[in-house]
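Enquirer: Working from the sequences, and respecting the hints, build out all of it.
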Amino acid sequence: MALSNTLTRNSGQSGAPRWSFDPKIAGIIGAMICTLPIMALIPMAVSDGGGHFDHLIDTVLFTYSVNSLILVGSAMMGTTLLAIPTAWLIARYEFAGRTAAMVLLPLPLAMPSYVAAYAWLSMTTSGGVLSDYIPVVSGVAGAAFVFSICFYPYVFLLARQAFASEGSQSFEAARILGASPLQAFWTVALPIARPAIMAGVALVAMETLADYGTVDFLGSPTFTVGIIRAWISFGDPEAAARMALMLVILTLVFFGFERWMRRKRSVAQAGGRHKPYPRVALSRPAGLLALAICLLPTTIGLFVPAAHLAVLALEAPRLAPVWGALQGTVLLAASSALLATLFGLGAAYASRSGGALAKLSVRIAHAGYAVPGAVAALGVIAILGGLQSALSSVGGLTGVAIAGGGIFALLFAYQARFAAAAIGPCDSALVRITPTMDQAAQSLGASRFEILRKIHLPLASSGLMTAAALVFIEVMKELPATMILRPLDFDTLAISAHHFASDERLAQAALPSLILVGLGVPVMMLISWLSVRNTA
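No gaps in the numbering here: position 125 of the sequence shown is 125 in full-length UniProt numbering, and each next residue is one more.
To be clear, the hints were calculated from the coordinates, so they are not data collected in a lab. No experiment lies behind these values; they were computed from the predicted model shown. Mixed in with the good hints, there may be bad ones.
[To be verified] No more than 25 Å apart at the CA atoms, straight line, and that leaves these computed lysine to any residue pairs for SDA-like: (1) 359 <-> 261; (2) 454 <-> 428; (3) 454 <-> 526; (4) 359 <-> 256; (5) 359 <-> 39; (6) 359 <-> 289; (7) 359 <-> 25; (8) 359 <-> 390; (9) 454 <-> 465; (10) 454 <-> 529; (11) 454 <-> 521; (12) 359 <-> 259; (13) 359 <-> 526; (14) 359 <-> 40; (15) 454 <-> 424; (16) 454 <-> 283; (17) 359 <-> 386.
[Said to hold, decoys possible] Now the in silico label distances, taken between C-beta atoms and shown as ranges: (18) 187 <-> 385: 55 to 63 Å; (19) 182 <-> 65: 50 to 58 Å; (20) 407 <-> 299: 48 to 56 Å; (21) 442 <-> 489: 49 to 57 Å; (22) 363 <-> 179: 25 to 33 Å; (23) 54 <-> 141: 25 to 33 Å; (24) 440 <-> 307: 13 to 21 Å; (25) 518 <-> 99: 17 to 25 Å; (26) 522 <-> 141: 31 to 39 Å; (27) 280 <-> 406: 54 to 62 Å; (28) 48 <-> 487: 58 to 66 Å.
Ideal Cβ positions, reconstructed from N, Cα and C, are used throughout, including at glycine.
Expert: Below, the structure written as structure tokens:
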């Protein structure tokens with residue numbers, strides 16, 4: 001195919017103007033970024049290692065597997081129990097404080113789970129403020145509790161949307177036929193919303209499998225802990241790569257399930273027209289009870305641990321230096337958010353192009369979210385190592401690949417892990433742009449750049465902001481990839497907090513942890529506000 005044909009396309013039927021750069025290329029690039037780290041692990045995994053993998057099989061691999069599965073199952077149940085009642089109350093009823101509760105409920109996503117673990121263990125251990133009332137939050141049970149209070153917004157957001165927009169006519173028919181509100185909920189509303197709920201639960205499973213800081217701190221080792229121990233403690237990249245591929249396979253199972261449930265929900269939505277539930281006004285006592293129920297998850301997932309960390313920071317004899325870590329965090333998070341939004345926008349345009357290759361590339365790029373940070377980091381190391389070997393064979397180029405690593409390696413791993421999070425919001429934003437808008441602008445003589453600047457970007461701005469905000473929060477919280485790939489003497493707030501907490505210096509860990517939360521809450525409130533603006 002000629003170069004000119006590769007770089008141009010006719011988009012009269014896709015809703016996008018005629019671009020000089022083919023968006024399908026963006027989709028292919030996104031797919032490569034997400035798949036190359038995984039593919040690079042395969043040669044490493046099949047090579048002869050240092051013998052540590054056989055030792056791991058005989059000793060701890062079974063424990064890693066059992067802990068991972070127990071935590072996934074427990075987190076799925078815990079998040080469902082917190083998310084479904086609150087989502088139903090927000091979607092179905094009107095009460096004082098409802099809008100505020102709708103904004104507050106997603107905020108625990110701004111609290112890194114390992115930060116919540118620091119706070120809850122400190123509060124419940126011997127001498128803690130809650131030690132006489134609550135069992136010690138540690139081990140597998142403690143990690144499951146922390147995952148439940150930090151990850152439930154994944155289920156809440158999808159369940160609330162489903163409850164608010166689907167099945168109202170069936171619910172009303174059940175009520176007319178004599179079903180009580182509870183019976184109608186169990187037999188009509190909940191089954192209709194099940195695909196959305198299960199998609200959220202699958203996201204919880206993927207986040208649980210990808211976690212390192214929480215399970216390492218609370219003493220419930222999983223696959224991710226094993227990967228990092230094999231890499232850092234044993235110095236055996238082959239054993240780490242083998243466990244990483246095992247973790248990828250397990251995570252991709254949940255990713256495939258999540259995609260299938262989303263498609264099932266889309267088919268159900270396309271099967272008929274749905275009108276929103278008419279919200280029922282509650283009496284004042286019932287409204288206060290509903291508000292209390294809705295505020296409980298945010299209280300235990302954000303307010304209580306943040307308040308305890310603030311007390312620890314104030315009581316600390318010496319505050320930890322955090323300025324350098326703060327700069328590193330903002331630099332990485334902002335740069336990654338910008339890059340991921342650009343990739344997401346390009347992938348969204350590629351998806352709209354209608355080509356089979358473009359759509360396949362975007363689907364592959366979506367799978368990047370299923371790649372845990374530790375796996376992405378090992379894959380990037382394998383890629384840079386291969387590049388180093390290739391360049392070392394060329395005279396005068398020894399060391400170029402290592403010199404080009406560091407921050408570049410981190411950004412590469414972050415894109416492989418989180419660029420997929422930007423595709424969905426960007427794709428949803430472009431749905432608002434119809435082909436007739438572009439055709440009208442072209443008929444008035446607008447250039448391609450003017451159409452992008454005056455039509456596409458303003459209409460897609462909400463989705464682009466959501467995409468950037470999501471990636472900013474995820475990168476800010478990311479711990480395992482940053483631990484493995486960061487340059488020497490380069491810290492982030494997550495690294496600083498984990499370093500102090502691992503040394504049992506929770507008072508010193510409190511300040512970087514609080515700053516992490518302080519950065520994440522306003523960004524998460526922006527996401528909540530954008531969501532409420534569209535659905536309230």
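Enquirer: Looking at the structure, which of the earlier hints fail to hold?
Expert: Hints 6, 8, 11, 13, 16, 17, 19, 20, 22, 24, 28 not satisfied by this model.
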